[in-house]
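Trainee: Spelled out from the first residue to the last, the chains are:
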Amino acid sequence: MELIGSGRLRLATVWLGGCSGCHMSFLDLDEYLLELSQAADLVYGPFVDAKEFPAGVDVALVEGAVTNRANLAMAGIIRQRSRTVISFGDCAITGNVTAMRNLLTVAETLDPFRCDGEASPAFDYAAVPQLLPRALPLHQVIPVDGYIPGCPPGPDRIRAAIECMLRGEPVHLAPGMLTFG
Amino acid sequence: MPVITLTIDDELISGREGETLLQVIKEHGISLPTLCHMEGLSERGGCRLCIVEVAGSPRPLPACTTPAREGMVVRTRSERLENYRRMLVELMLAERNHYCAVCVSIGHCELQRVAAEMGVDHVRYEYLSPKLTMDLSHERFGLDHNRCILCTRCVRVCDEIEGVHTWDISGRGVKSRIIADLNRSWRESGTCTSCGKCVQVCPTGALFLKGAVVGEMVKDPTMLARVLEGREKKEWEG
Numbered sequence: 001m002e003l004i005g006s007g008r009l010r011l012a013t014v015w016l017g018g019c020s021g022c023h024m025s026f027l028d029l030d031e032y033l034l035e036l037s038q039a040a041d042l043v044y045g046p047f048v049d050a051k052e053f054p055a056g057v058d059v060a061l062v063e064g065a066v067t068n069r070a071n072l073a074m075a076g077i078i079r080q081r082s083r084t085v086i087s088f089g090d091c092a093i094t095g096n097v098t099a100m101r102n103l104l105t106v107a108e109t110l111d112p113f114r115c116d117g118e119a120s121p122a123f124d125y126a127a128v129p130q131l132l133p134r135a136l137p138l139h140q141v142i143p144v145d146g147y148i149p150g151c152p153p154g155p156d157r158i159r160a161a162i163e164c165m166l167r168g169e170p171v172h173l174a175p176g177m178l179t180f181g
Numbered sequence: 001m002p003v004i005t006l007t008i009d010d011e012l013i014s015g016r017e018g019e020t021l022l023q024v025i026k027e028h029g030i031s032l033p034t035l036c037h038m039e040g041l042s043e044r045g046g047c048r049l050c051i052v053e054v055a056g057s058p059r060p061l062p063a064c065t066t067p068a069r070e071g072m073v074v075r076t077r078s079e080r081l082e083n084y085r086r087m088l089v090e091l092m093l094a095e096r097n098h099y100c101a102v103c104v105s106i107g108h109c110e111l112q113r114v115a116a117e118m119g120v121d122h123v124r125y126e127y128l129s130p131k132l133t134m135d136l137s138h139e140r141f142g143l144d145h146n147r148c149i150l151c152t153r154c155v156r157v158c159d160e161i162e163g164v165h166t167w168d169i170s171g172r173g174v175k176s177r178i179i180a181d182l183n184r185s186w187r188e189s190g191t192c193t194s195c196g197k198c199v200q201v202c203p204t205g206a207l208f209l210k211g212a213v214v215g216e217m218v219k220d221p222t223m224l225a226r227v228l229e230g231r232e233k234k235e236w237e238g
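Line order of the protein sequences matches chains A and B. When you number the first sequence by the UniProt record's numbering, it's gap-free, plus one each residue, and the end is 181. When you number the second sequence by the UniProt record's numbering, it's gap-free, plus one each residue, and the end is 238.
If you're looking for bench data, these hints aren't it; they were derived computationally from the structure. None of the values given here were measured: they were computed from a predicted structure. Don't take every hint at face value.
Chain A regions said to be covered by chain B (calculated; three or more residues, Cβ under 8 angstroms) [claimed, not checked]:
#1 83–93
#2 134–145
#3 165–176
Take a look, some chain B residues computed to stay more than 10 angstroms from chain A by CB distance [claimed, not checked]:
#4 I30
#5 G46
#6 L93
#7 V102
#8 Q112
#9 E126
#10 E235
Here's a subset of chain B near chain A, in silico, CB distances under 10 angstroms, partners left out [stated by the list, open to error]:
#11 G18
#12 L32
#13 G107
#14 E117
#15 M118
#16 R124
#17 Y127
#18 K131
#19 L132
#20 L136
#21 F141
#22 S185
#23 K234
#24 W236
For every residue, glycine included, the Cβ atom is placed at its ideal position computed from N, Cα and C.
Take these sequences, add in the hints, and give me the full structure.
Mentor: The structure is reproduced here in structure tokens:
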């Protein structure tokens, strides 16, 4: 893979409809993060103060299912501005726990948060993005180039995947690193 | 039993008449993925993961229900077979609600293991997300239809080894469900002996011991062999 930047990987991580467990696991890379910082620039993600997803991203690790309109719009932007998009963790790959609401309708999902048919005072539904009818795996919304399964994926898996990307290769994980859950 | 000779993956190998292709293939150290097959139970040919190509047959055949015959030419690996096997596993994952992260059998699940071995890193099909129930009426065991892949190991072990035939399948196709007796709750079943054999042979988290939490349901696949060996040696006859 030819890098977009000046020989350093422009890496983005995104948190859609997930619990951030995948990002916590990313932090569990511990001292490898120092090594990674020599080879990559983290240009977007919950760990950095970038307001807008930038253009010219080499690799985007996307955590979480596509569960509301904001996620859907973001997925489109990620695909447009990234050379390689990786589904990061089970929610992005299968929907996982986020998609457990797919057994219900949107109204049934929201009902417990309403009081007498009205939105609970704790929730301002005008400000909360509208739920899609179903929480979807990322690859059902945009083309995805690679997958890191796990809930969350262990740091060994994340590191193996990142090393593939740093070598300019597609993500390829051994069977032992492919289990869901 | 008379010896037969057949060609498997370009190698001449021998087997015994009356054996299935799966038996011959396994005896020669070739591994094939299986889910509905279990040593000691009758074969069903349901999961189709052990499909092989047999010269003269336009479609792949399940090795577990195909008798080995003299002169057969068999291929256990090909791009077509790998594609079909992967599709089958993906369809199993898409048909019900396999939320592995919150399953009692995570880390000990045969479906999970087989999927990983086949390189299933995502499912290409739309998840059906059916609204399924659980039967927690039994004092010691639970049945979660969300995890069931309809391999019928439970049905067969109950019928063939325990000899009571509590379990059966109702419905057809995607609406198939494991039922106790004539669709009673497990607790109300008049035939269940609470032996737990069905729980031990279930490849996923569909049948489990109550009280097991995520990842705790470790099954004992050697249980069936021990029971059969004990019977063979008449260990429990007074």
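Trainee: So, for every hint listed, does it hold in this structure?
Mentor: Verification of the hints:
Coverage of a stretch by a chain is defined here by at least three residues with a beta carbon nearer than 8 angstroms to that chain's beta carbons; for the stretch 83–93 of chain A and chain B the count is 3, and the condition holds. As drawn, the stretch 134–145 of chain A meets chain B at 5 residues by the rule of a beta-carbon pair under 8 angstroms; at three or more, the given contact holds. With 3 residues having a Cβ less than 8 angstroms from any Cβ of chain B, the stretch 165–176 of chain A passes the three-residue criterion, so the hint holds. No beta-carbon of chain A comes within 10 angstroms of the beta-carbon of B:I30; the shortest separation is about 18 angstroms.
Every beta carbon of chain A lies more than 10 angstroms from that of B:G46, the smallest distance being close to 22 angstroms; the non-interface claim holds. Residue-level check failed: B:L93 sits 8 angstroms from the nearest beta carbon of chain A, not beyond 10 angstroms. B:V102, annotated as away from the interface, has a beta carbon of chain A within 10 angstroms; the closest lies near 6 angstroms. For B:Q112, the requirement that its beta carbon stay farther than 10 angstroms from each beta carbon of chain A is not met, with the minimum near 5 angstroms.
In this structure B:E126 is not separated from chain A by more than 10 angstroms, as the shortest Cβ-Cβ distance comes to only about 7 angstroms. The Cβ of B:E235 sits about 38 angstroms from the closest Cβ of chain A, beyond the 10 angstroms cut-off, so the non-interface label holds. The closest approach between the C-beta of B:G18 and any C-beta of chain A is roughly 34 angstroms, which is over the 10 angstroms cut-off, so the hint fails. Here the hint on B:L32 is broken, as its CB sits about 16 angstroms from the closest CB of chain A, past 10 angstroms.
Hint on B:G107 holds. Least Cβ distance to chain A is approximately 8 angstroms, under the 10 angstroms limit. Because the smallest distance between the Cβ of B:E117 and any Cβ of chain A comes to about 5 angstroms, under 10 angstroms, the interface hint for this residue holds. Because the smallest distance between the Cβ of B:M118 and any Cβ of chain A comes to about 8 angstroms, under 10 angstroms, the interface hint for this residue holds. Here the hint on B:R124 is kept, as its CB sits about 8 angstroms from the closest CB of chain A, short of 10 angstroms.
The restraint placing B:Y127 at the interface with chain A holds, with a minimum CB-CB distance near 6 angstroms, inside the 10 angstroms limit. Interface hint at B:K131: satisfied, since its Cβ lies 5 angstroms from the closest Cβ of chain A, which is below the 10 angstroms cut-off. A hinted interface residue such as B:L132 counts as satisfied when its beta carbon comes closer than 10 angstroms to some beta carbon of chain A; here the least separation is about 8 angstroms, so the hint holds. Nearest Cβ of chain A to the Cβ of B:L136: about 17 angstroms, over the 10 angstroms cut. The hint is violated.
Annotation: B:F141 was flagged as interfacial toward chain A, and the flag is violated, the nearest CB pair being 22 angstroms apart, outside 10 angstroms. For B:S185, the suggested interface contact is broken, since its CB lies about 21 angstroms from the closest CB of chain A, more than 10 angstroms. The interface hint given for B:K234 is broken, as the beta carbon of that residue sits about 42 angstroms from the closest beta carbon of chain A, more than 10 angstroms. Residue-level restraint check for B:W236 is violated (minimum Cβ-Cβ distance to chain A is 39 angstroms; threshold 10 angstroms).
Hint violations for this structure: numbers 6, 7, 8, 9, 11, 12, 20, 21, 22, 23, 24, all remaining hints satisfied.
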